[in-house]
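Undergrad: With the hints as constraints, model all of the structure from the sequences given.
Protein chains in written order, with the working numbering: chain A, 1 to 114; chain B, 1 to 139.
Careful: at least some of the hints might be erroneous.
[Unchecked claim] Calculated cross-link-like contacts (lysine-lysine; reagent style DSS-like; alpha-carbon spacing at most 25 Å):
| hint | chain 1 | residue 1 | chain 2 | residue 2 |
| --- | --- | --- | --- | --- |
| 1 | A | K41 | A | K88 |
| 2 | A | K52 | A | K11 |
| 3 | A | K98 | A | K88 |
| 4 | A | K69 | A | K11 |
| 5 | B | K136 | A | K32 |
| 6 | B | K18 | A | K4 |
| 7 | A | K30 | B | K136 |
| 8 | A | K32 | A | K52 |
| 9 | A | K98 | A | K111 |
| 10 | A | K69 | A | K88 |
| 11 | B | K136 | A | K69 |
| 12 | B | K136 | A | K88 |
| 13 | A | K32 | A | K88 |
| 14 | A | K98 | A | K69 |
| 15 | A | K11 | A | K32 |
In short, the hints are calculated from the structure, not lab data. From a predicted model like this one, the values you see are computed outputs, not experimental measurements.
In case you want the letters, here they are:
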Amino acid sequence: MDIKVNVRETKGDTYVVDLNGEIDVYTSPKVKDAIGELIDKGHYNLVINLEKVRYIDSTGLGVLIGGLKRVREHGGSVNLVCTNPQIKKIFDITGLVKIFGIYDDEDAAMKALV
Amino acid sequence: MPPFQGTLGTVELRIPSKAEWVAVARLAVAAVANRLNFSIEDIEDVKLAVAEACTNCIQHAEGSDQIQITCEAGSDGLTVRVRDFGRGTRPEGIQSRRMDEPRVGGLGVFLIRSLMDSVEYDVNPERGTNLVMTKKVAR
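TA: Okay, structure coming up:
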């Protein structure tokens with residue numbers, strides 16, 4: 001069980017964080033570090049692509065919430081790309097659909113940041 | 001909480017109380033759930049609930065180095081017991097939080113209660129914390 005993290009710079013100082021694997025109590029620190037590093041460098045508009053994430057638990061959600069709170073302090077935002085019904089269900093149950101922009105594809109998530 | 005009818009068997013697992021072992025617990029319980037007539041969605045629910053319970057043991061149970069997971073499979077549902085051997089979980093470890101304010105932490109118990117049909121905690125400073133949760137097979 002692991003998570004692969006890939007960070008890409010795109011237009012307009014927006015960064016995309018591609019995640020591939022399972023996000024749980026063991027792997028979430030790696031995701032937290034990647035997002036934290038971007039924010040520490042002054043990048044406050046992020047798209048986190050969950051398309052290849054097969055599983056996420058509350059520690060993973062906590063990392064995403066923590067990142068969102070940090071970028072909002074600087075006027076930024078975090079949008080998510082997610083179509084996996086089980087993962088969308090978790091965002092729905094927890095009410096996080098109301099605080100994250102969740103999109104079906106990366107283009108839509110990018111456009112919504114601008 | 002009475003056991004489900006038509007007991008099919010009991011599966012027990014004990015893992016070290018460490019983050020890297022939680023995946024083993026959730027996959028083992030998913031395999032048990034897969035033996036019953038649960039839908040894929042319900043199996044995912046059980047898997048996440050068990051992982052959240054184990055994560056809570058790791059994060060909140062003081063002095064426990066093991067987690068015991070017991071699955072009792074019945075023809076109409078699954079009972080899962082997750083037990084640590086600590087000095088009792090701190091109250092914040094088993095409280096479900098209000099969902100009207102986004103903040104880091106506290107989502108685990110809320111998810112367990114949302115995903116399972118019944119959830120009971122027995123917190124004892126001498127025996128540790130025992131969580132019993134059930135999921136019925138949808139008809």
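Undergrad: In ascending order, which of the hints set out earlier in this document are inconsistent with the structure?
TA: Result: hints 1, 5, 7, 11 break, sorted rising.
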